[in-house]
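With these hints in hand, go ahead and build the complete structure from the sequences.
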Amino acid sequence: MVSYIFRRLLIAIPTILILIVASFFLIHFAPGGPFTSERPLPPAVLANIEARYGLDQPLWKQLWDYLTNIVLHFDFGPSFKFKDRDVNDIIAQGFPISLTYGSLAFLAASIVGIALGVTAAIRHNSWIDYTAVSMGIGAQALPNFIMGPILILVFTLWLGWLPGGGWNGGQWPYLIMPVIALSTSYMGNIARLTRSSMLEVLNSNFIRTARAKGLPTRAVIWRHAMKPTLLPVVSYLGPVFVYVLTGSVFVDMYFSTGGLGQAYVGSALTRDYAVLLGVTILYGTLTVVVNLLTDLAYAWFDPKIRY
Amino acid sequence: MKHMTHLAVATLLSTTMLTGAAIAASHVPEGVTLADDQTFTYRVLDEHSSVDPQVVEDVTGAEIVRDLFEGLMNQNEDGKLVPGVATGFEASEDKMTYTFTLREDAKWSNGDPVTAGDFVYAWRRAADPALASPYQWFIELMSLENAGEIIAGEMEPSELGVTAVDDYTLEVRLTSPLPYFPQMTTHATTFPAPQSVIEEHGDEWTKPENIVSNGAYVLTEHLPNERSTRERNEMYWDNENTIIDKVVALVINDENVALTRYLAGELDRTDIPAGQYPQLKEEYPEEATSFPRLCNYYYTFNVSDSGPEAFQDVNVRRALAMAVDRNIITEKVMQGGQPPAYTFTPAAVAGFEPPTLPWTEMSQAERDQMAKDLLAEAGYGPDNPLEFEMVYNTSEAHEKVAVALSQLWKSKLGVQATLANMEWKVFLEERGNQNFELARGAWCGDYNEASTFLDLLDSDSGYNDGKFSNERVDELLEQAKTSDDTTPLYTEVEEILYEEMPVIPIYHYAGVYMLDTDLGNWPVDNVEQNWYSKNLYKIAE
Amino acid sequence: MVFGSSQRAAAIADDVTDQIPVRGRSLLKDAQIRFVQNKAAMASVVVLGLIILFVIIGPLFAQWSNEEIDWDRMGNIATEGMPSLANGHYFGLDELGRDLYSRVIQATRTSLLVGLIGALTALIIGTTYGLVAGYTGGRVDSAMMRFVDILLAIPLTLVIILLLVIAGRSFFMLFVSLGAVGWLTMSRIVRAQTLSLKTREFIEAARAAGVSEVTIMIRHILPNLIGVVIVYASLLVPEMILTESFISFLGLGISEPYTSLGKLISEGAGTMAYGTTWQLLYPLFFYVAIIITMFFIGDGLRDALDPKDR
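Residue numbers (the working numbering), protein chains in the order written: chain A, 1 to 307; chain B, 308 to 848; chain C, 849 to 1158.
Accuracy of the hints is not assured; some may be wrong.
20 Å max Cα-Cα, derived EDC-like pairs, lysine to aspartate or glutamate [to be verified]:
(1) K719/B with D920/C
(2) K719/B with E696/B
(3) K719/B with E915/C
(4) K414/B with E547/B
(5) K719/B with D918/C
Everything labelled a hint here was simulated from the structure, so no lab data went into it.
Take a look at the structure:
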């Protein structure tokens, strides 16, 4: 097991390296540079700026400097757009925010989704089942970016219960709407997945045997049915965890949370190369790590899998 | 973008003549009761790029910098020049040397006096290739001695044409006579910088915990993409007359969400989305506000060799311009009180008399008829329809205008215009390289004078994306630089533009805002919208 | 974001794959019967059919085209632009005074095409890639799959934005960029399936009989992949539509006068506070209907092709 983890981590290094190189060239191919503006800069000024950020160097040299700075100083360079901050600053400021509401949304989606799915499966074909299924499908089918304006309209303007945006160090009134907006569609998916998985498990022979033995339903479900039920759910949760962190641009935009999602999309649109690369590396690494964790969790849930 | 009507203030004044707690600040009319909580909260579209005066390049950042730092001169509510750190200036007869006298009571927020040396340091810093400020061009525009050479790296920054004669006397030497030089010192790039602080903290000096500033406010909090807060600077020389204690800028990307939050009472000022002004004006007559701004909105033909052949024909260009029903665009699409544009230069520009051109006198039906005739003359008609592509950058408002234009042309002239929207940076790249047929353009004046707009159509201008070139226009613009009476010159330029139609003027911008009725003294008459929080105040409700 | 469910689809498809190859032709017949018996899936097919029918014959009843502006009513949308049979704007007007009925039809067509063509692109690339990797095996296989792993680690948002920015926007690029991100998981599924197939007796038999490798891939392995591929593709369709709406939200969707459901919804959500809720509700209805029917059809196909819990 330990050697398996070690091997996986070893493979991760070249993966991330290639990821950096690929993203580096991809972003440099995009038309327009960080200093293309409506008011074209005089050539002398542009030359000074490019010299300052090393953009006058050949591409391979820029890439090399970039990589050495990361390896030697863990320095991801300055932001081209936000002149008062560097990439390390931007990530240090935005990532904890994304991580906080992302994790909460992830937890909310998992807990509510699984509970909803399990309940629906146990009460198969009852009104509870139908309600849960329709809620799950409805939540999943709504594009999540319309949740933002709707929530603000209802909770801030009409009811006046919650502040319309901001982060304020993550106090709970500021957290509620981002978490709801982000978690709904995943919640629906998890609920549907759990339900069908649970139904399948409940119909399987070993559960029938357990029931036949006279075990109370609750015990059957908790002790025997839960683990196999969650198996397919876990493989779905891994990528979701990464996505709630990376795909949260609409939360940042609607709720002014200051998270990394918006900084990321913004950096792609403004060609802020350093920020874009820095966050890509962060997300790429996260993906690799989460995939590893998912596989390990998978092994725990399914004793048939051995590494 | 941002402000409140005098009308609204006046109504409030009449109802709040009660308690006489009003502070005797110069800009608060008598009888106004000030609110206990003097916090001004406004919405900004995007995170500011910087609060370093020499580095800042965006409007949002400049608004913050104007509160944090104070330059030689300020603008008042009407955009007129008033003393800042300088109490006055003298110009030499040839307008090549300016001498500013600085007030002796100006202080940095750490208690140090503001001296002429701080300005010298700041201006050299702005020109220094090592700082690589995107606003180096502004120093060049100011025509300071040796500016160009310093920027090109051929001279040391210390050779810039600015000297501290003593602590309170600043001498500026120019390479050409600039009558409007003092106006330029209201620009953020020219604000002083605290040398000792910058040298101590380096790039970190603008962080709230490090920054030292000389304006009415100090930066106390910055949460990127969320908000920034500035609070009263007790050391400011005119602190006594400053009323707003705290200014909060909230970053809200979506203008509809911002409006919802405004209506929920979280903001004192926000932008009104295109098309919503009339309805809001009806519902909140004292809060919905619109006033002219110093910007134009146009479409430019590519008349260079890479452009379509059709646009080489002046009749085609004129036909398309004639057929645009500007009232539809301003009254039914934008609906924010934007003036329709028949000249390139906005009427709001100081000292600019919009000339009476033939088409301003015509009815739209006459224009349409003329457009049809012109297009037929150019050889286009039902058998040979004119087709071209028009590009604009991605934005809901631009898209609406583009769709309306293409439909106007289609329904009136049978012209087939294909719409292509592009992401901003791609758009700039393509337009700058003449890879377009018809492209959207807009320009906001750098200063309040017609040349800031008309220079765009100079043959040599770096911003002339359509590559229009007319010798007479170039000649007139050159003359205008040194002329005492520019009106006939600009009139002739506009007349040539009407005849040649290298661009289709569509409308001129308006500032369209929701301004809370308890916010006093918003400078609606400052067309450049250079506002200072120290001149605002909050009225008790 | 939305592609999160790929992993789930992979898991589901994995289940299916165990069953298919051994069963041969009769399986598809069985599956068909089982699918027809699935009420939710059949109802969904009917609803989807109605939507498609609406897209096809709807324009016959339209009194306005999708780009025409109703000049008399534009500018007063909130008061005059509501749905009305009398003035021919059955679904009302959009913010600019264009007929929402025609625009919804055109948008629905776009979104369906995006879903289908996007899924088809992913399917073709993914199947070919996975088949080649799996069948070739060895170093080529691991190199090819490592490449997929790397691509999977690049955030989706970046890929989509950069593709659309670099290549400019058009229907074609939209399909390509959607396909480009959708094929990765598909290729992994197909590869895994191919790996297990190629050791089967009937393949060895074919090889022994001297059939060329390419022919084996096309004639013997490919037909056995159809079950997995269909199931996964049906799950991809709603994902594609969801992703397109995310692209529209970022402002990188298709150009006017064409529109998509995602774009209409995004516009409608922006203006819903100003008394024009129909601008949100009509496109949202069609959008949700398509997504839900596609879910049920996907589930139905999976159940039909995976008889394990009957």
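The hints, checked one at a time:
no. : hint               : verdict
1   : K719/B with D920/C : holds, 15 Å
2   : K719/B with E696/B : holds, 17 Å
3   : K719/B with E915/C : holds, 15 Å
4   : K414/B with E547/B : holds, 14 Å
5   : K719/B with D918/C : holds, 14 Å
Going through the hint list in order, the structure satisfies each hint without exception.
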